[in-house]
Each structure stands twice: as structure tokens, then as C-alpha cells.
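Using this note's numbering, you'd call the opening residue of the sequence shown number 1 and step up by one each time.
Honestly, the hints are just simulated from the structure, not real lab data. Virtual Cβ for every residue (Gly too), placed ideally from N, Cα, C. Any given hint might turn out to be false.
[To be verified] Simulated crosslink set (DSSO-like; lysine-lysine; CA at most 27 Å straight-line):
no.: 1; residue 1: K202; residue 2: K163
no.: 2; residue 1: K33; residue 2: K202
no.: 3; residue 1: K32; residue 2: K198
no.: 4; residue 1: K193; residue 2: K32
no.: 5; residue 1: K119; residue 2: K32
no.: 6; residue 1: K202; residue 2: K32
no.: 7; residue 1: K47; residue 2: K193
[As the list claims (entries may be wrong)] Label pairs and their calculated CB-CB ranges:
no.: 8; residue 1: K198; residue 2: R107; range: 21 to 27 Å
no.: 9; residue 1: K83; residue 2: G175; range: 54 to 60 Å
no.: 10; residue 1: D129; residue 2: K80; range: 22 to 28 Å
no.: 11; residue 1: D36; residue 2: T85; range: 47 to 53 Å
no.: 12; residue 1: F168; residue 2: P57; range: 53 to 59 Å
no.: 13; residue 1: H195; residue 2: D114; range: 22 to 28 Å
no.: 14; residue 1: L124; residue 2: F168; range: 43 to 49 Å
no.: 15; residue 1: I128; residue 2: P178; range: 22 to 28 Å
no.: 16; residue 1: L44; residue 2: Q97; range: 52 to 58 Å
no.: 17; residue 1: D129; residue 2: T85; range: 23 to 29 Å
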Amino acid sequence: MVQEMFFAGSETTSSTIEWAMAELLRQPVSMKKAKDEINQIVGLNRKLEESDTEKMPFLQAVVKETLRLHPPVPLLLPRKAIKETNFMGFDIPKDTQVFVNAWGIGRDPDAWEDPSAFKPERFLGSKIDYKGQNFELIPFGSGRRMCVGLSLADRVLHLGLAKLLYHFDWELGDGLTPETLDMTERVGIAVRKLHPLKVIPKKRSV
Numbered sequence: 001m002v003q004e005m006f007f008a009g010s011e012t013t014s015s016t017i018e019w020a021m022a023e024l025l026r027q028p029v030s031m032k033k034a035k036d037e038i039n040q041i042v043g044l045n046r047k048l049e050e051s052d053t054e055k056m057p058f059l060q061a062v063v064k065e066t067l068r069l070h071p072p073v074p075l076l077l078p079r080k081a082i083k084e085t086n087f088m089g090f091d092i093p094k095d096t097q098v099f100v101n102a103w104g105i106g107r108d109p110d111a112w113e114d115p116s117a118f119k120p121e122r123f124l125g126s127k128i129d130y131k132g133q134n135f136e137l138i139p140f141g142s143g144r145r146m147c148v149g150l151s152l153a154d155r156v157l158h159l160g161l162a163k164l165l166y167h168f169d170w171e172l173g174d175g176l177t178p179e180t181l182d183m184t185e186r187v188g189i190a191v192r193k194l195h196p197l198k199v200i201p202k203k204r205s206v
């Protein structure tokens, strides 16, 4: 169980941070907002701590928006109907195996305004979270069969992304621009970019 938790947490964390960095590099205004918030909370003369991220609503919104658009696993663990069920007008026979499309839910126009756009601001002032209680955002599932790596991923995601943004300024490599950055997905254990993100870290500007 411990091994599964660490594997699930590390795999989802690395893929989500890659997507978050890619989205922020495509949206320089959002990148600046995130960096400014981190600098305001942490300053220049101390280490960034995990507890600092709890005071960073825009960073938290970036993580939520990344998980909405790029859930680590597009289809959640299957469920089986224990009895004949009618769900939203669909008849589901007993013993039917049901897959939940987290990727589709996160991009559903009935649940989200402008669903294909990366807009962290949609979560500012919102109580929607990804811990299984809001069914329009369930990248880690819900209920007893939620991803066992959720608690680890939740902590490492915010701290890892915050440290990358705090310690460095970032530029796209290979002559890419925000407009030409390829966001094609590759499905494996986790949904990653088809072409890995290539970026250049620069000493942060003070």
C-alpha cells in the first residue's frame, strides 16, 4: 500500500507539474501573477515552506485549473453497478462495468464556462475542490476508491510548483513561443505531453 501511494503520488505529481508549467508558459500574465504572489508571501530572505502555499490562492487555483484540463488519469478506476440503475436518463444493467471520464467531465461545457481555456481565475473565491466532493472536478476520483496518492500529490504539487516559480525565471527552449508550444497529449500510466516540455531556467530577477 505504501509503495502504491508513493508511486501514484509521484507519477501524478510530475505529470501535473509539467502541464502546469506548460500552461503558465503559454499564459505569461498568469505566470507573472503566480510568481508575484509567491514573492509577496515569501519575500527574498528566507526559504519557501510548505505552509506558505496555504496562503497562495492563485497558486492553488493554478493547480486546480491544471487538474481540470489535464487529469493525471483520464479514465478513473472502473465501478460495477450492484443493481439495475437509471442515471441521468441512462439505464445501467446490474453488473455493468462503468468507467468515469474525468477528462471529459473537466471539459464539459455544461459545468464549465469556456472549458478549453486555461483560466485559474475561475477558482478564485470558489469552494470547488478536487478531493472528491465536487463531481465536476474529480481528477483523483471520489469515495472509497479514490487515488491513494491524493494526499501526497496534493502536498508535493503545490510545494514543487511554488519552488520552481520562486527560484527561477523560465523561458521556452528550441525556439518555441507561447503560440507554438505543442500541447498534444500522450496517454500512458499518466497523461503526459506527447513532446516533453523543454524549458530554460534563468536566475530569477529580483
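Given the hint of 43 to 49 Å, is the C-beta distance from L124 to F168 inside that range or not? violated, 25 Å
Are the Cα positions of K47 and K193 separated by 27 Å at most? At roughly 31 Å apart (the allowed maximum being 27 Å), K193 and K47 break the hint.
At the C-beta level, are K198 and R107 separated by a distance inside 21 to 27 Å? holds, 26 Å
State, for the Cβ atoms of L44 and Q97, whether the hinted interval 52 to 58 Å holds or is violated. For L44 and Q97 the Cβ distance comes to about 54 Å; the hint holds.
So does I128 sit 22 to 28 Å from P178, Cβ to Cβ? Once the Cβ atoms are compared, 27 Å apart, the range 22 to 28 Å for P178 and I128 holds.
Assessment of proposed distance window 22 to 28 Å (beta carbons of H195, D114): holds, 25 Å
Take the C-alpha atoms of K202 and K32, compute the straight-line distance between them, and say whether it is at most 27 Å. Holds - the C-alpha atoms of K32 and K202 are around 15 Å apart, at most 27 Å.
Are the Cα atoms of K193 and K32 separated by 27 Å or less? Roughly 23 Å separates the two Cα atoms, so the pair holds.
For the pair supplied as a hint, K32 and K198, confirm whether the alpha-carbon distance does not exceed 27 Å. It holds: about 19 Å lies between the C-alpha atoms, which stays within 27 Å.
Whether the CB-CB distance between D36 and T85 falls inside 47 to 53 Å: holds, 49 Å
Given a hinted range of 22 to 28 Å, is it respected by the beta-carbon distance of D129 and K80? holds, 27 Å
Need the status of pair K202, K163: alpha-carbon distance at most 27 Å? Holds. K202 to K163 sits at ~14 Å (cutoff 27 Å).
Checked against the numbered hints above, the structure violates hints 7, 12, 14; every other hint is satisfied.
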